[in-house]
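Protein chains in written order, with my numbering: chain A, 9 to 213; chain B, 9 to 213; chain C, 9 to 213.
Incorrect hints may have been included.
Identical copies look the same in the list; a pair holds intra-copy or inter-copy alike.
Calculated pairs, SDA-like style, for lysine to any residue (alpha carbon to alpha carbon, straight line, at most 25 angstroms) [as the list claims (entries may be wrong)]:
#1 K208 <-> R96
#2 K208 <-> F159
#3 K34 <-> Q69
#4 K34 <-> I209
#5 K208 <-> N149
#6 K203 <-> S157
#7 K203 <-> I18
#8 K87 <-> S157
#9 K208 <-> E123
#10 K208 <-> G35
Hints in this document: simulated from the structure, not taken from any laboratory.
What you are looking at is a predicted structure, and each value in this text was computed from that prediction instead of being measured.
Spelled out, the chains give:
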Amino acid sequence: MSLFEAADAIGLMTFSISGFLMGVRKGLDILGIVIAAFLTALGGGVIRDVIVGHTPIAFTQSTVLLFVVAGIILALILKLHTKKQPERFSIFILMDSIGLVAFAITGALVGIEAEFNLFGVMLLAFITAVGGGMLRDMMVNEVPIVLTSDFYGTVALLIALLIYICDILDCLGSFTLITIAASTLSLRLVAYYQKWQLPKIGGDL
Amino acid sequence: MSLFEAADAIGLMTFSISGFLMGVRKGLDILGIVIAAFLTALGGGVIRDVIVGHTPIAFTQSTVLLFVVAGIILALILKLHTKKQPERFSIFILMDSIGLVAFAITGALVGIEAEFNLFGVMLLAFITAVGGGMLRDMMVNEVPIVLTSDFYGTVALLIALLIYICDILDCLGSFTLITIAASTLSLRLVAYYQKWQLPKIGGDL
Amino acid sequence: MSLFEAADAIGLMTFSISGFLMGVRKGLDILGIVIAAFLTALGGGVIRDVIVGHTPIAFTQSTVLLFVVAGIILALILKLHTKKQPERFSIFILMDSIGLVAFAITGALVGIEAEFNLFGVMLLAFITAVGGGMLRDMMVNEVPIVLTSDFYGTVALLIALLIYICDILDCLGSFTLITIAASTLSLRLVAYYQKWQLPKIGGDL
Chain A
9 MSLFEAADAI
19 GLMTFSISGF
29 LMGVRKGLDI
39 LGIVIAAFLT
49 ALGGGVIRDV
59 IVGHTPIAFT
69 QSTVLLFVVA
79 GIILALILKL
89 HTKKQPERFS
99 IFILMDSIGL
109 VAFAITGALV
119 GIEAEFNLFG
129 VMLLAFITAV
139 GGGMLRDMMV
149 NEVPIVLTSD
159 FYGTVALLIA
169 LLIYICDILD
179 CLGSFTLITI
189 AASTLSLRLV
199 AYYQKWQLPK
209 IGGDL
Chain B
9 MSLFEAADAI
19 GLMTFSISGF
29 LMGVRKGLDI
39 LGIVIAAFLT
49 ALGGGVIRDV
59 IVGHTPIAFT
69 QSTVLLFVVA
79 GIILALILKL
89 HTKKQPERFS
99 IFILMDSIGL
109 VAFAITGALV
119 GIEAEFNLFG
129 VMLLAFITAV
139 GGGMLRDMMV
149 NEVPIVLTSD
159 FYGTVALLIA
169 LLIYICDILD
179 CLGSFTLITI
189 AASTLSLRLV
199 AYYQKWQLPK
209 IGGDL
Chain C
9 MSLFEAADAI
19 GLMTFSISGF
29 LMGVRKGLDI
39 LGIVIAAFLT
49 ALGGGVIRDV
59 IVGHTPIAFT
69 QSTVLLFVVA
79 GIILALILKL
89 HTKKQPERFS
99 IFILMDSIGL
109 VAFAITGALV
119 GIEAEFNLFG
129 VMLLAFITAV
139 GGGMLRDMMV
149 NEVPIVLTSD
159 FYGTVALLIA
169 LLIYICDILD
179 CLGSFTLITI
189 AASTLSLRLV
199 AYYQKWQLPK
209 IGGDL
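Pulled out of the complex, with its shape left as it was, chain A reads as follows:
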């Protein structure tokens, strides 16, 4: 398993746990909780694949499913749903950030391969990384948290921008990808612990 596959697996597990926790919190039944876990982990990738006209990876490669199930089992064993805000544990933040970066890179590379413009590459990176969580929030009638707070979706867009620039400069390779991953992961972690927020626009509406 390469470094990147490991990062991807960590993302699947963490996103699955975050869907699980939201499901419990919203009083869903067991079916609803499982669906929330799968949707959060796989929803973004399925939308991305449908947009570019591929068969969703989750439907043919069963290994990704194992990590989602592993996330649910882990959450149950650790009884995460009985703990206070497990999403704020340092280990969860780290794993979630690794997933964010890994998913955004996957999405951006799919966009590059499909020869999309900058907007398309950014959208695919954003949807892959954040789309599952947005679907989860919309499903349980929350305004997607990524739209209102935190320096999170911005990281996915930044990754797409850097990859797009590297592609134009013809220097996209393992080394640049690792550099992009390491620097944006650090940025995300700094942003979290420094409590960075994007500004809002005040209005009288």
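Once you've looked at the hints, dock chains B and C against the given chain A.
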């Protein structure tokens, strides 16, 4: 018209009526009510077809549309919207359950044909049977009822599992499909009248 | 730039502004506001393209993106978010109506070209014109306004119906399209200023 086509038509009409009733209840105007009816009846199938890369059946086969319209007209003639909880009438429960089973079988078979893994087959069955209702609920800002209560979506997943197993065992045919349909339909009806609920997971979140 | 391309550009800008205003109103951060603007302007077209199996235009033609950005910049320069209900300014209503008509025509023509039935043509026109706004409303947990009030989505459906009839009568050309555009635009403006509403269906549910 085969038995299966009849079941499918019953499903289209019932789902259309359930969308109609939700639209009236939420104070939508006539356009909104009609859209809610079409979305509930056809939304799941359109998503399924888009995922597997087919042209949505509803866009080329006009007969399915007739059943949706028939559902709306039936609801108007019977003035269902003036009645108290028509969704709980025995005849509605029976027709809705027939639709659930028929739609789940269609979805699972599309997944088998596309050579998806178990997850893909289950997801297509679930989306076909329940996706329209979930879209309807999300559109009017309800948490999809299938996620919180009742033994409903589980039936679709069970159907997909059985069909997947039959396919592996190479015994998928009219006889097994009818057996699966009859047994899961009975299961759904027993579950409804016995008020089965999936357990929830308590938490301190 | 043809008349139609100009109408399309006006639509992109106006829809972008309407997404921007909704984002500010709902307290989204800058990222959320920008996403709301892009989603409102481009979301309908992306869904349409995915349904018919095309690569979304927005991912390959960068000019459409410029108009979305122009909308955001215009809203910022004019400080529209500090004004009271800028969506009700006459100029906004006119531009928004032009966009509605232009988008609905595009969507209907895509449906005609894909040889869809009347339902498919109407759905594509509706999604292209109104889908972005519905996604915007669903994302911030509002019941899509097009479902509850105003004579708006109906215009898109009417345009699709007229184009479908013209296609069957084999008289679809620049002249008929301009006639359809002019008459439905007038209809929409009359409907707005006369405060037309579609009837609702009362119920005791």
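Comparing the hints with the structure gives:
Both within a single protomer and between protomers do K208 and R96 lie at most 25 angstroms apart by alpha-carbon distance, with minima of 23 angstroms and 24 angstroms respectively. Taking the shortest Cα distances, K208 and F159 sit within 25 angstroms of each other inside one copy (13 angstroms), while across copies they are farther apart (33 angstroms). When the C-alpha separation of K34 and Q69 is checked against a cutoff of 25 angstroms, the pair qualifies neither within a copy, at 30 angstroms, nor between copies, at 39 angstroms. In this assembly of identical chains, K34 and I209 lie within 25 angstroms of each other by CA distance solely across copies; the values are 10 angstroms between and 30 angstroms within a copy.
Proximity of K208 to N149 under the C-alpha cut-off of 25 angstroms is found in both arrangements, the shortest distances being 22 angstroms within a copy and 19 angstroms between copies. Proximity of K203 to S157 under the C-alpha cut-off of 25 angstroms is restricted to the intra-copy arrangement: shortest distance 10 angstroms within a copy versus 38 angstroms between copies. For the homomeric pair K203 and I18, the shortest alpha-carbon distance inside one copy (23 angstroms) is at most 25 angstroms, but the shortest distance between copies (39 angstroms) is not. For the identical chains of this complex, K87 and S157 are inter-copy neighbours only, at 23 angstroms across copies versus 27 angstroms inside a copy, given an alpha-carbon limit of 25 angstroms.
Taking the closest pair of Cα atoms, K208 and E123 never come within 25 angstroms of each other, the shortest separation being 33 angstroms inside a single copy and 46 angstroms across copies. Taking identical chains as interchangeable, the C-alpha atoms of K208 and G35 lie at most 25 angstroms apart only when they sit on different chains, with a minimum of 7 angstroms there against 32 angstroms within one chain.
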